[in-house]
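S.K.: Single-letter residue listing:
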Amino acid sequence: MAEEQSNGHKWTMIVDADKCTGCQACVVACHAENNVPVSSEDEVIRGRAMHWMRIERYWEGEYPNVKARFLPVFCQQCGNAPCEPVCPVYASYHSTEENINIQVYNRCVGTRYCGNNCPYRVRIFNFWAPRFDAPLEQQLNPDVTVRSPGVMEKCTFCIQRIRRGREQANIEGRPLEDGEIIPACAQACPTDALVFGDKWDENSRVAQMVPSERQFKLLENLGTEPAVYYLKGGETHVGE
Amino acid sequence: MLESRATIGPYWDEPLPDDEHLARQVEHGREEHLMLDARPPAELNQLTLARMRQTGPRFWIALAGLGALTLAFFIAWAIQIVSGLGITGLNRSVMWGPYIANLIYFIGIGHAGTFISAALRLMRMDFRRPIARAAETITLFGLACAALFPIIHVGRIWKLFYMLPIPNQRDLWPNFRSALFWDMMAITTYLIGSTLFMYVALIPDLAMARDHMTGWRRKLYSALSLGWRGTEGEWHRLEVVSNLLSFVIIPVMFSVHTGVSWNLSMAIQPGWHSAIFGPFFVVGALYSGVAAVILVMIIVRKTMRFGYFMREEHFNAMGIFLLILTLTWIYFYFAEWITNWYGNLPLEKAVQAMLTGPLAPLFYLMLFCNIVVPLGTLWSRRVRTSLPAMLVIGILIQVGMYIERVLIVSGSLSRNELPFNWVNYTPHWPEVTVTLGTLAFLGLLYMVYTRFVPIIPVWEVYEGQAMQGSRRVGRAVMSTRTEVH
Amino acid sequence: MADFLLLGLFDNVETTADVVDEVRALGVPDEQMTVMSHVPYSSKIFARKPVRLWFLPFVLGGAALGALVAFFLTYGTSYLYPIEVGGQGLNPVPPTAIIYFEMISLFSMLGAFAGFLLQNRFPILTRRMYDERISDGYIGLEVCAPLAVAEQVVTVFEAHHARVIKREDAAAFKPQGIRHLLFWGAVGTGGLVAVLVPLLLSYDIVRVPWINKMDDTVVVRAQEGPRLAAPVGAVPVQGPVFIAGEPATAPLPASEVSLQRGQMLYGTNCAMCHGLQGDRAGAEVGKYFPEIPQSLGARAAILSDQDLFRVIRLGRNRMPGLAENLSPGETWDIVNYVRSLGE
Amino acid sequence: MTHLTRRDFLKVSAAGTATAILAGCAQETERWVALEPYVRAPEEQLAGIPNWYASTCRMCPAGCGIIVRVMNGRAVKIEGNPEHPVNRGKLCARGQSGLQLLYNPDRVTGAVRQGERGSRKFEPLAWNEAINTLYEKLDAADQAVAIWTGSATSGHLCDLFARYAGAVGAPAPLRYDLTSALNSVGALAAANNALFGQATLPGYTLAQADVIFSFGADFLGAWLSATGFGVEFGQFRSQRFGKRGLLVQFEPKMSITGAKADRWVPVQPGAEALVAGALLRIIADEGFGGAERAGLAAALAGEVDLDAAAAACDVPLADLVALARAFAEAERPVAIPGGALAGASNGVAAVTAVQALNALAGSSGLGFTPALPTALAAPGWSSYAEVQALVERMSAGQVRLLLVHGANPVYDLPPGSGIADALAQVETIISFNPLVDETSALADYILPDRTYLEGWGYEVVQPAFRGLPVVSSQQPVVGPFHDVRPTGDVLLTAARGIPAAAAALPWTDEVAFIREQITALPKGASGGDDDEVRWARFQQHGGWWPEAAPESAAPELAAQGTLDVAGAAFDGEAAQYPYYLHLFPSVLLGDGRGASLPWLQGAPDPLTTVSWQTWVEINPTTAQALGVDHGDVVRVESPHGAVEVPVYVFPGIRPDTVAIPLGQGHSDLGRYARERGSHALHLVGAALDDVGANLAWSSARVRVTKLDKKQALARLESTIDPGEDIHVPF
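Residue numbers (our numbering), protein chains in the order written: chain A, 2 to 241; chain B, 352 to 836; chain C, 10 to 352; chain D, 1396 to 2125.
Hints are not guaranteed to be accurate.
Derived DEER-like restraints, expressed as beta-carbon distance ranges [to be verified]:
1. A/Thr97 to D/Glu1911: 47 to 53 Å
2. C/Gly197 to B/Leu718: 52 to 58 Å
3. D/Ala1920 to C/Met281: 36 to 42 Å
4. C/Pro207 to B/Tyr693: 50 to 56 Å
5. D/Glu2039 to B/Ala413: 52 to 58 Å
6. D/Ala1920 to A/Asp134: 40 to 46 Å
7. C/Gly197 to B/Thr690: 50 to 56 Å
8. A/Glu61 to D/Arg1635: 27 to 33 Å
9. A/Thr97 to D/Ile1444: 26 to 32 Å
10. D/Glu2039 to B/Ser434: 30 to 36 Å
It should be emphasised that the hints constitute simulated quantities derived from the structure, not laboratory data.
Even glycine gets a Cβ: it sits at the ideal position worked out from N, Cα and C.
Sequences and hints are given; from them, build the entire structure.
M.R.: Shown next as structure tokens:
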């Protein structure tokens, strides 16, 4: 159902696992753009690290033929999102315009049902009130709420940027151009491993990358129809 | 023994037969069965009401203890609200913990009450009569405590009213597609239903209390008994409405625990996403519920000295019931387990591996409490009728079933699709305090309640006794049952 | 003629039944008799007409009401508030079924209970003929009869050793119609209030300062102070001219209108130094500043548009910046005008 | 109609984060809020519309261009400058975190005096008084003044300091800190000088390369210009026709570059030269890549024991041959030396050996920063030998005044260097650092400079990419957040009182100086004919660079003769100290500056996902032998010192090596860094390398003993072993 084209956009992210160096630039960029608080050492130890986007590292093989694979994981903006229907107050719902999965902090009562039902575990719960030692709060992005304790939050594809971009385009009375809107993570990524765009715009970069033979979706078997596509890491072999 | 004589004079002074061999049989029957051991109503009324008013030092000490624990619970809850859920042990993968397990558990023990009195009433089982109300009371307060937990559990309690289907300036309505909303509906229905059911059956006894009490209690009871006089019409309608309510409330009861289980099984979480959860949880609930009823029976009988009303026969019957439920529960648990085990899907296996691995102590303790002990003992009548034994078994089953709930909720959650995010869960002090405190709260409510209403449905006992008589068949005396209604 | 209410207590069913027969023989109709007991003895035990029951309409009515409520909670809300979740569609059947089941059950139970209350006229708010010993096992027989018959009834009672015989003037027992109306009225109003008060809250008519930690955010939002000074001399990406989003590289087309406006503005803002034609002719102030170019047009020719723009707005050497006097558009008009000045 | 409005309400709330709707639930805020009347808005501020300022990142010396998003006069986001030739619109985690340096809660908010060194009791000082003090001290010290700058010092300050020193006849300012040591700029420059006669840092063009052999250089992580190389790497992986190139990483401990490599070769520490030599030898012997290349290889390669080389790599010889062939037969192969190997006792030799590989294919991927048309040049780095010289002078009491800017000697040097005692001999120490770091804690005065987001400057980028010389601009993006003065102005003002200096430093303020330097440059890519415009464009576009790279031939191999492939020497008996110590800069904390920024502390290390802590990486087999597991605290002991750190069992490291990240273990530097983790530099001696110029910081052996202590590691990853059945989802 997620695929039927409407007059809206189908915002899509491509993650090239072959290029991701795990350098955490996207993670920090996300913290900076979305006012995500930093969790203390103890919180991390208790398994409560707050990152809207995390880079999962998986080991393969044994020394000396060991490999480390990086997998950036953030909200997959599922077409059929498991987190949406379970919310009793519609805090998590599907935007018919951006075709992404949206979390309305103000509605959230914190049942954390969505968090359980997210197979990607990308939904973050505010266990404490967010803390920004003065004057660090001067940096906070005015386009983004600071979430109150007891609220679920997650990656929004930097919807504040999507909105700004679209309003700007409306003001100038032109259609959105590809690459005009870039989320903080993709913007920062040095190797260009993250590509963002509107899949329904045929000549956008993502539209051209999606058909790649390296393409796969995370946990595809669950049928959640993510809006995030991954490109498998390749390998060049040496010698015979 | 002459049928004619049985109806001359009140049913409670049936004379003994002349033949003393038969007489001994009759007397034996009276010792055995409450229904045959008819006493003058005045006496039973006095017995019940006297216990209702008695409050010894032991009572007050118990009350104080429970009260203290309850206070601790509310304080812990307040702290949690102020400082945020961070003080609990929950983490980014295990977002549901004991609070949800408690919800399931308390609804569970609340389950048997209404079931026993409603189902057995429809099936005209007489052993229900003296224990029906004790059971229903558990339902009432069990549900009340359970209903606390969704509230304790949420992150922004001050916004909880968003979940209520009331019109509001935000133009928002709750999402009827959410299992939580179904659950809310089911619990409300069940709570209201069982309250009505209990109240209806309570009216004649309240009237009785009104007739024998003075002062404020008399005022209270005359208000509550709605002016009951016991006319044929009133009695008849009472019978009918009780049957109607029993009829509706049984499916509702099933729906309640199914709804609770669906909170879990609607999620695509390995260890949860299983169609068997509905019936499985219902059975589990009945299991722990019946055990809870037995515990309450024992406590009530001991503390209120109701040896006359609650006899071996009742414990025996409940014991058998419990045994049947044990087997059913084992069947369901096994079905669920073998399905996951045989299917051999990595994640389901991971969940089971965790249960038999790091969580093995809890897991095997659970099996011991829920399977080994009941199966090993309940087949013997001596055990079933011995109060201490039943007390122990009942408590063990409570423990076992509670562990089972926690394992299902938090255990499963700590395993998920991306192994990068597996996090184990350990409870912190708030969970512990709140859980114990709620148990105490339940006990507190129950204690106070027994001092305000007759915990024995006396009129049902009369009714049974009026129905039961004994007649001679050949050389033996058999108990007979005549519908007076 | 005044009726009398009689109440006799008997200690077993048999006797009561006999009494009932004899009283009936005295011509007292069944309706005038009531048997009260501590045990649900059915009417046929006393050979009396069975009690009539009206439960069905109540239960069905309740069920229907429940269905309505369920309809609102499902289709109703999704119509009032259409919203997509999880690709389930607006009105998926299975959840709807659940809500229907619960609501129908709830309201049919309430219906049954209401039926119970109303048929029994509960709560009974006036005095009734009753004796407390009934709940101790005696069976009471209440008879309502005119004086003459009452006498005979009493004799019948005595004949069967009634434990107690009460007799009172029926007028002492009023019907409770009015009181019931008041009672249910009170209940209704209570219910109404119980519905209205939450609405007052949920519509913010009565404001409770709910804790909403998201409103008092630490973020410095648009127009919130204290305003911080901009870096002096720094040049933003938008260009040398401090106008956010206003590129210094896109002049207005040099249309007639623009040129006229430009001329006007030039006259008021620039001419006193540069002269009306940009040649310092008649520029009073200009006299004192030799560095003012002889021909502004010629000077402008070697400058790019945005440089002109920047110079006008920010000033240069001794020439003051006019940023505060001119809007960007006006500045562009002047640029165009200055360009139009000949060498 | 209501339907419509409801839809709109949805749309709005869809913004979810848009602060507008947060007024949704009516509610008075407790915070004091002053609404600014925008009737006469200042030109540069429009409500809700951001300003962007271009500037230069100073979190490391790479000189990436940044654009900063400013709202309400507050810097809220740093992004890469899309026009900038170095990072081309991208930015690393450290660059992003610059904001937290600007708004760091522990910044020194004004000039202060410290009564007793190390007491950390600072009494505020009026600025004119402070400048006066500086003047008096400078005047008194005359020639006995030493200036110590580092990678956080803007280019213009280095120039000003240099001019001052020159004017008063003091020795030239020192430019040295841990970053320069870890980047082993000395060894690189020396090697390039020996091979190509170019004593500068090498730039590599990877975009078109088809084979990259990287010896220890974590060029994607924390080496030289990681973001620039990251961009190059991205292009390297997505070349035309789906070609993705071959990256082979030779290093004892897997870095993120190693993780991205197609082949990770665990070379024994110190044996890199040997391996490089072996590759050349093989190419020469097998005649790979044609006669010319083979010949060149033969000329360079000396006698190499191939089996020893293979053994040192933990790979069979056949693989080494295959690798050699792949390199030799590649069209555009690149070899990158760097990281720990350059810090070994044979550092220069090793770098030379590796760098020589480039010569095979005519150094196609190798390039050096072309000189600028004007005198403007990148300030050179000092060698460790010069540091030692200064330290000796200080200890000898020949230094009366020490000015420290942008460096943190006490933290940056191994204790063996005796820096602490030397500082004690200095009459006056004045620090210009924005935070109280280990050195400022020993200073008598702190005259905090503005952070790079508040201050002026320029940076002559080195290494440059694709042969483009770049002068990156640095301008204030926000007004000064505290009462702090730009060191340039402070210096210029103080210098006025000193006749010699006054003549050499005639500028009224630093901006005038910078402007003079910049406007001297010819018209660059951003155009601008007169000085005004060029100056404005320089700031607007974030720097100066030519339209196209100046023509420059691929560097010619100047050196002759065979390479020295001797292995490195390590201090500590192998018997006593069985393991090699491999130090590496944390990708996030860099050389330790990042430790004061919560974002960098809180972000997980890419390979271990540990945050906030220091750990020691140990190979699983070794860990088994030692009987340690994740989170067991061990004592790592070298001949020079010892640290206690928790273990991280790390599959990607040689069994004979243990690795510890640098960056933590601060005794100062603010609340986020203080007393956190440990500083592994304490395990390193102060020995010099083979050419006697650079610190051999990677030449220690250690022993590891288990303590019965545990410290839970703050890992983002699961601490549970998923077992065999659970498959990586890709």
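S.K.: Now tell me if each hint is right for this structure.
M.R.: Do the hints match the structure? See the list:
no. : hint                              : in the structure
1   : A/Thr97 to D/Glu1911: 47 to 53 Å  : violated, 59 Å
2   : C/Gly197 to B/Leu718: 52 to 58 Å  : holds, 55 Å
3   : D/Ala1920 to C/Met281: 36 to 42 Å : holds, 40 Å
4   : C/Pro207 to B/Tyr693: 50 to 56 Å  : holds, 51 Å
5   : D/Glu2039 to B/Ala413: 52 to 58 Å : holds, 54 Å
6   : D/Ala1920 to A/Asp134: 40 to 46 Å : holds, 41 Å
7   : C/Gly197 to B/Thr690: 50 to 56 Å  : holds, 53 Å
8   : A/Glu61 to D/Arg1635: 27 to 33 Å  : holds, 29 Å
9   : A/Thr97 to D/Ile1444: 26 to 32 Å  : holds, 28 Å
10  : D/Glu2039 to B/Ser434: 30 to 36 Å : holds, 34 Å
The structure fails to meet hint 1 from the earlier list, while all remaining hints are met.
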